[in-house]
Structures are given as structure tokens and as C-alpha cells.
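Q: Now for the letters of each chain:
There are 2 protein chains.
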Amino acid sequence: MSNKSIRVTYRLETPGSVEALAAKIASDQSTGTFTELPGETAEVQARCAARVEQITPLPDVQTPSFPDPAGHGPYNRADVVIAYPLEAIGTDIAALVTITIGGVFAVRGLTGVRVMDIDLPSEWACYPGPQFGIEGSRRLMGVPDGPMIASIIKPSLGLLPQEAAAVIKQLCDAGVDFIKDDEKLMSPGYSPLEERVKAIMPVINNHQQRTGKKVMYAFGISSADPDVMMRNHDLVMEHGGNAAVININSIGYGAMSFLRKRSGLCLHAHRNGWDILTRHPGLGMEFRAYQKIWRLLGVDQFQVNGIRAKYWEPDDSFVRSFGDVMTPIFSQNDRALPVVCSGQWGGQAVETYERTGRTLDLMYLGGGGIHGHPMGPASGVAAIRQAWDAARDGVGLEAKAMDHPELAAALAKWQN
Amino acid sequence: MSNKSIRVTYRLETPGSVEALAAKIASDQSTGTFTELPGETAEVQARCAARVEQITPLPDVQTPSFPDPAGHGPYNRADVVIAYPLEAIGTDIAALVTITIGGVFAVRGLTGVRVMDIDLPSEWACYPGPQFGIEGSRRLMGVPDGPMIASIIKPSLGLLPQEAAAVIKQLCDAGVDFIKDDEKLMSPGYSPLEERVKAIMPVINNHQQRTGKKVMYAFGISSADPDVMMRNHDLVMEHGGNAAVININSIGYGAMSFLRKRSGLCLHAHRNGWDILTRHPGLGMEFRAYQKIWRLLGVDQFQVNGIRAKYWEPDDSFVRSFGDVMTPIFSQNDRALPVVCSGQWGGQAVETYERTGRTLDLMYLGGGGIHGHPMGPASGVAAIRQAWDAARDGVGLEAKAMDHPELAAALAKWQN
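Heads up: the sequence lines are chains B and W, in that order.
Following my numbering, the numbering of the first sequence begins with 1 at its first residue and continues without gaps.
Following my numbering, the numbering of the second sequence begins with 417 at its first residue and continues without gaps.
Treat the hints as calculated values from the structure; they're not laboratory data.
A few of these clues could be false.
Derived list of chain W stretches under chain B, where covered just means 3 residues or more per stretch with a C-beta under 8 Å from a C-beta of chain B [unchecked claim]:
{"no.": "1", "stretch": "512-522"}
{"no.": "2", "stretch": "569-579"}
{"no.": "3", "stretch": "592-603"}
{"no.": "4", "stretch": "615-628"}
{"no.": "5", "stretch": "635-645"}
{"no.": "6", "stretch": "763-776"}
Covered stretches of chain B (chain W as the covering partner; in silico rule of three or more C-beta atoms under 8 Å from a C-beta of chain W) [stated by the list, open to error]:
{"no.": "7", "stretch": "200-210"}
{"no.": "8", "stretch": "249-255"}
If we take Cβ atoms under 7 Å as the criterion, some of the chain B residues that face chain W in the derived model are [claimed, not checked]:
{"no.": "9", "residue": "155"}
{"no.": "10", "residue": "275"}
{"no.": "11", "residue": "396"}
None of the values given here were measured: they were computed from a predicted structure.
No residue lacks a Cβ here, since even glycine has one placed at the ideal position from N, Cα and C.
Generate the whole structure from the sequences, applying the supplied hints.
A: This is how it looks when you write it as C-alpha cells:
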């Protein structure tokens with residue numbers, strides 16, 4: 001019997017005692033129930049009982065995260081580490097999630113709980129992790145250094161396959177390294193995946209023959225039916241594609257595991273739905289904990305928003321997320337390529353570079369920022385590359401724009 | 417091109433205009449982005465644009481659901497119906513979830529959003545739905561009428577397979593119709609599923625040979641790896657088992673779909689983790705919307721807590737959930753058997769019966785209420801059956817207990 005543990009850090013909030021709440025969670029999530037039982041012997045507890053290992057008090061708050069109509073503050077808070085015996089969980093993600101996450105949110109007497117981090121023992125290195133990751137992405141795109149510049153089909157929905165192919169030709173000519181379907185595009189009636197693959201791959205392949213550059217195209221192959229998703233995968237492979245957009249929350253852990261074992265594609269994760277888990281700071285789950293599970297399952301490229309994104313997420317949260325996917329779990333190879341996206345047009349390059357550890361190991365994705373550039377998409381791509389050159393060289397964007405009209409035009413349109 | 421729509425009802429909350437927010441969601445979740453694009457033509461919009469169909473104002477609130485540090489109330493609220501063209505989503509759950517749910521929680525400018533309901537057109541009747549449901553559950557258990565009385569192994573974790581088998585013998589002799597593994601028990605080191613199946617199924621089969629009664633035993637076969645889950649499924653089938661506990665959120669939509677297509681087992685859904693989505697009344701998702709997806713995917717039996725459950729859920733929410741799983745989506749056969757559970761010991765039978773439409777089509781699950789009965793488990797089961805007889809006959813529990821000592825003992829211990 002192993003003595004190893006899985007350690008989960010929770011941010012707890014309660015009108016009562018944090019210590020008592022932590023003890024209750026440890027009991028409920030292992031051997032306890034609402035009444036005493038003859039069978040809960042010391043031996044049984046030793047095999048399975050979770051233990052509260054550490055309690056770090058935090059300032060209390062006056063407003064509860066879950067409404068507490070009958071109660072009143074202050075609400076006590078602490079970061080609590082609970083250790084679960086590996087013997088009771090094993091290495092299955094379904095067991096991990098059920099025991100250490102799922103049930104905790106049902107416990108009475110708490111007004112807030114957020115899973116901050118999950119610390120996994122080396123037995124969990126049995127997961128495949130990313131097949132391509134940062135190095136494989138660079139190799140497939142033929143971008144040995146510098147940021148990988150990416151775009152997306154716009155408008156996001158509604159184009160017929162041949163209309164999409166025309167947009168892609170434009171983006172290839174504009175010099176991008178990567179293009180993707182919008183995450184909302186999978187296989188709708190007006191653009192079935194098969195027709196889209198057959199319309200788009202010849203554009204990618206022709207561009208490669210003409211220029212030697214194979215642009216990575218990520219098709220939306222997600223399906224809540226793994227058999228369908230594998231057929232989608234095979235279709236992309238047969239036509240020479242090398243990547244796919246996966247809506248990880250919309251397919252679930254099992255489907256991701258199933259795909260990864262059989263996949264030859266670089267898997268680009270879109271985390272739509274993650275906001276449900278994380279937007280309230282007192283509830284749900286930090287990205288740090290969340291992304292570990294998905295990286296173990298095989299995400300190669302992870303969308304993490306960006307500076308001044310068009311969504312609710314604050315810049316600080318993006319910066320943490322970027323660091324999270326770049327931090328090894330068990331090895332350098334289980335890092336995912338951070339995909340910086342949402343409202344990006346180059347103007348955020350310098351700040352992104354300075355705040356994420358001055359790395360160029362990232363994909364930088366401009367949608368509207370490329371399609372909507374006043375001088376056209378090629379200038380949109382050029383402006384973004386100029387902005388990243390400025391970041392790398394420690395030159396201000398305005399200075400760089402002095403002799404780079406594409407960046408100057410982007411600044412004129414979007415800098416406020 | 418179909419003109420049909422999928423209608424989703426959201427409860428929106430915002431310091432600004434609810435009308436403007438609804439319009440923004442409809443745009444963001446279909447063809448729009450942060451800047452105007454030349455390709456977003458009228459034709460493209462007609463194919464895919466979502467439309468706000470109805471806005472029902474609700475009283476405003478002073479406390480935002482998501483904290484709004486820079487802002488102040490009042491926060492405006494409304495129930496908003498948005499219609500998404502079926503043409504843009506099709507019949508894949510991954511597309512439904514990505515387009516109508518996932519992205520909505522990322523939109524700026526809202527302080528609350530809760531998915532209240534999802535109205536699906538008849539094309540969605542293509543899903544398999546429950547294989548057994550209410551009628552099949554009755555048939556497999558041999559319970560043609562009345563509530564199905566169920567129990568669970570306690571302590572929930574930590575018993576060796578042979579220790580569990582001894583508990584199960586006791587429960588079979590006590591006269592239950594159904595027994596399940598705790599949802600936290602899957603295949604841990606001290607009780608691998610294979611050993612557990614081999615220890616438990618002989619007890620079930622011997623009991624059947626002696627008494628003619630086949631107790632339904634639901635094994636915890638969940639795995640985040642569908643290949644492993646199918647091996648688990650096959651193992652249970654080979655040994656004559658007929659049911660499984662599935663931690664639906666811990667495996668995800670895809671794994672459930674994969675299992676249902678290949679399953680010969682009655683699938684008993686535990687929704688642990690659902691609380692993350694639903695506990696804050698201004699955020700997340702109502703059970704009504706959530707359970708439709710899982711029933712279409714094939715849930716036969718759905719745990720919905722109960723009156724005075726040991727968790728946070730209010731009784732009113734349980735009553736609504738019970739009604740939800742009993743309401744047809746496309747036909748009577750897609751209803752799931754409601755499993756009333758958590759802290760149940762019989763004392764809640766009368767109120768449950770009166771508040772859920774006086775039906776006996778339910779499973780009533782006592783864990784501690786059976787194991788912890790002062791006269792032993794057989795008396796625990798007897799007390800629960802007596803309580804349900806009282807409910808059906810319109811007799812008060814106290815009156816019934818006058819000449820039923822098992823119920824009297826339960827009331828003495830747990831009635832407060």
C-alpha cells in the first residue's frame with residue numbers, strides 16, 4: 001500500500017470555523033456520512049481517510065460568495081490543503097475529480113470554495129501528455145524561433161466551405177503560420193466538416209507547393225460522440241491536415257483521452273465554458289488546477305486569452321494562465337504552447353512579452369486584428385510581426401511604427 | 417435549409433441594459449467579433465445569426481452575482497430567450513454546449529448569467545435516451561409497483577472486496593431492491609473493480625437462487641478513459657451484473673455517449689460536481705437544462721437528492737429536479753427514474769410523496785438510514801417501506817409507527 005498522497009488546495013469561506021469545515025470536507029470526501037456507522041473502523045480510516053495538512057488564514061470578507069440570506073458576516077477564509085491517499089484515488093481522472101472536486105461543492109455550511117491547485121504524485125506521469133507541445137508545434141509549422149503568428153476565419157460562422165477557402169488563401173498569402181476554425185464551427189448543415197476539409201486542404205497544400213511553407217490549419221473536429229470525432233480526425237489526416245480545434249469542456253475528459261490515444265493531429269484546446277468555473281473569484285476553480293488535468297490528457301496548444309482581451313478576464317489572470325501552461329508538471333515535455341488570443345492586434349505584444357517572462361514561445365492569434373486591418377490582412381500580419389520585433393528588441397511600439405506603416409496603421413485604428 | 421431553432425432561456429443580470437446585453441450575446445455567439453468585418457454580409461447573418469426572441473423583466477437586485485468592485489447597483493435582471501438556428505448548431509451536443517452555453521459566460525458587462533432551460537426541436541430526438549428508464553428499472557428489479565428501495569455500501573470508502581460482500585449479503589437479506597457502490601468508489605488499489613465484482617456478484621446470484629429476487633447492484637465503473645470504462649462494463653456483464661454508477665460530470669458527454677451505444681447495463685447517474693454549476697442562484701445552470709442533455713445521452717436513473725438532504729440543496733430545488741426528470745422531452749420513454757437520496761431514512765417519505773405529484777415511480781435510497789438503524793439494516797428497510805405505505809395511504813408517520821416498531825425506532829433516532 002502506497003503512502004503517497006494527492007494534495008488539493010482549496011480556498012474556503014464560511015460564517016463558521018474554517019478548521020471545522022476543512023475537517024468535514026476531509027471526512028465527507030472519504031469515509032464519513034451523516035450518522036455514525038459501526039463499519040468505520042480505524043483500519044478503514046487508515047486506508048482512505050483524507051487529512052487536513054495545512055490551513056493558511058486569509059482576511060475575512062463581508063459579502064459571501066454564495067448568497068447567505070439567513071446569515072451575516074464576517075465570513076472567514078483560509079487556503080486549506082487536504083491530502084487524499086493515492087490508494088483511495090489511484091490514477092484515474094474520474095476518481096480524482098469525483099473525490100477531490102465534485103463532492104466538495106455540495107457540502108453544507110460553506111459560502112465559498114475554490115480549487116486553487118492540485119499536486120499530483122509521480123504515479124500520475126503515466127498520462128500521455130501533449131504529443132506535440134511547443135517543440136512539435138514549431139516543427140510542424142516550420143517556425144524554429146519567434147512567436148507563431150496565427151489567425152482565424154472571420155466571420156466566425158456562416159461562410160460556405162468555398163467562401164472559407166477563399167479567406168484562407170488570403171491568410172496564407174498574408175504570411176500566417178497557423179489558421180483555425182472558429183471554436184463555434186464544427187460540422188453545421190451549411191459547412192459540413194467533410195466539405196470544409198475538401199475545400200480548405202487544397203489551399204493549404206497549394207500554398208505549400210508554391211512557397212515551401214505548410215500553414216497549420218486546425219479544423220473544428222469536436223463532437224460529443226467520440227466515434228464521430230475519430231471519423232472527423234481521420235478525415236483531416238487523410239487530406240493532409242495536421243491540427244484540430246478541440247472544445248475541451250464540450251466533449252469532456254473521456255472523449256479527450258480517447259482522441260489523444262488515437263490522434264495524429266496537433267490538438268489546439270479552446271476552453272469555452274471555463275468561465276463558468278472560474279469567473280467568480282470565490283468559487284469554482286483556478287486555471288492552474290484545471291489546466292493540469294487537460295495537459296495530462298494531451299492538449300498541445302492552450303488558448304489563454306491575452307492582455308486587454310475582449311472578454312471579462314483581467315490581465316493578471318491571463319498572465320498567471322500563461323505561466324501555468326509553461327510550468328512543467330512532471331517534465332518540460334508536458335508544457336503546452338500558450339495561445340494568446342481575443343482582441344489581439346499587436347498592440348499588446350510589448351506588454352505581453354514583458355509580463356510573461358520575455359519568452360517568444362507562444363502563439364499569437366489575431367482574428368479581427370488581421371481581417372480588419374485597414375491595409376488588408378497581409379498588413380495585419382506584418383503589423384503583428386513588427387510589434388513582436390519591437391517587443392523582443394525593447395523598442396516602443398510608437399518608435400517602431402515610425403518606419404513601419406502597417407504597425408502605424410494598426411495603432412491609428414485600435415490604440416485608444 | 418431548416419428554419420428551426422434551438423431556444424435557450426438565460427437569466428441575465430447587468431448594471432447596464434439587459435436588452436443591449438442580450439443583443440450582444442446573440443451576436444457574439446454567432447457571427448460577430450470586436451470589430452466590423454467586410455465578410456459579415458446579410459446572407460451570412462441569415463444563415464447563422466441568433467435572435468433575441470423574448471425578454472421578461474425581473475426585479476433588480478443590489479448585490480451582483482459576480483463581484484463588481486468598480487461598479488454599483490441596481491443590477492437589472494431579465495429572463496431572455498435567444499433562438500439559435502438549428503442550421504448553425506446541428507444535433508451535436510458539443511456544438512450545442514459550445515455555442516449556447518460555453519461562450520456566454522465569458523461575455524463582458526454581465527454580473528450574472530444562468531441557463532434556465534433549453535428547448536430542443538424534434539431533430540434532437542435522434543439521441544438514444546435511456547435504455548431502461550423507469551419501466552426497465554422496475555422490470556430488472558422485479559418491482560412492478562411501489563417505490564424501489566435502495567441502499568449503498570457504508571462506510572463509503574475503505575472496505576476490502578470481501579468486507580463489502582459481507583455488507584451486501586446483509587443488505588440483500590434486509591430486503592432492498594437495489595444496492596450501489598458509493599460514487600467515490602471506482603477502482604482504487606485496495607478494492608479493484610475486478611476483485612469487487614468477483615466478490616459481490618456471487619452474493620447477488622446466491623440471493624437470487626435462494627429467494628428468486630435479483631437485487632440490482634450498480635458498480636462504480638466510471639473512468640475518464642472510455643476504453644477502461646468499457647472493459648469495466650464488460651466485466652460487470654460477464655459476471656451477471658445489470659447496473660453501473662456513472663459519475664457523469666467526471667467522465668463527460670463524450671464518454672457517456674460512447675458507453676450508452678455499447679451498454680447492456682442500467683446506468684445510474686451521480687451528478688457530483690453539478691453543484692459547481694448550480695449552487696449560486698444567479699450563475700451557472702438550472703438542473704432543468706442540465707438534465708435534458710444527460711437524459712438524451714442515456715441516463716436511466718438520476719440522483720436528485722431529497723427532502724432535508726445532508727447537502728446544501730434546498731427542498732424546493734429537489735422538488736423541481738424530481739419533476740424535471742419525470743417530464744418527457746420527446747416521449748414518455750426518455751424520462752429517467754428519479755433517485756431520491758442523501759440523508760434519507762423514511763421520515764421524509766410523506767412530504768416527498770405529497771410534493772412530487774403523489775407518484776411511487778421513484779427509487780428511495782437510504783445509506784446511513786439503513787445501516788445506522790438501531791435494530792439493524794433489515795429494520796431500516798422495513799421502516800422505510802412502512803413510511804412509504806403511510807405516505808401512499810395518507811396515514812401520518814407517527815400513527816403508522818404505533819404498530820410498526822421499526823418505523824418507531826427510526827423516528828426516535830432521527831426525527832428532531
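Q: According to a criterion of three or more residues whose C-beta lies within less than 8 Å of a C-beta of chain B, is the stretch 569-579 of chain W covered?
A: holds (count 7)
Q: So, residue 396 of chain B near chain W? Judge it on the closest CB pair being under 7 Å.
A: With a closest approach of 24 Å, the residue 396 of chain B hint is violated.
Q: Do three or more residues of the stretch 512-522 of chain W come closer than 8 Å to chain B, measuring C-beta to C-beta?
A: Three-residue rule met by the stretch 512-522 of chain W, so holds; n is 8.
Q: Examine the stretch 615-628 of chain W for residues whose CB is less than 8 Å from any CB of chain B, and state whether their number is three or more.
A: violated (count 0)
Q: Checking C-beta pairs, does the stretch 635-645 of chain W have three or more residues closer than 8 Å to chain B?
A: holds (count 8)
Q: Going by Cβ atoms only, is residue 155 of chain B closer than 7 Å to chain W?
A: holds (4 Å)
Q: Using the nearest Cβ pair, does residue 275 of chain B come within less than 7 Å of chain W?
A: holds (4 Å)
Q: Is the coverage entry for the stretch 249-255 of chain B by chain W consistent with the three-residue Cβ rule at 8 Å?
A: holds (count 7)
Q: Report holds or violated for chain W covering the stretch 200-210 of chain B, Cβ cut-off 8 Å, minimum 3 residues.
A: The restraint on the stretch 200-210 of chain B is violated, since only 0 of its residues have a Cβ under 8 Å from chain W and three are required.
Q: Taking beta carbons only, do three or more residues of the stretch 763-776 of chain W come closer than 8 Å to chain B?
A: Violated - the stretch 763-776 of chain W has 0 residues with a Cβ nearer than 8 Å to chain B, which falls short of three.
Q: For the stretch 592-603 of chain W, does the count of residues with a C-beta closer than 8 Å to a C-beta of chain B reach 3?
A: Result for this restraint: holds, n = 4.
Hint check: violations occur at hints 4, 6, 7, 11; the rest are consistent with the structure.
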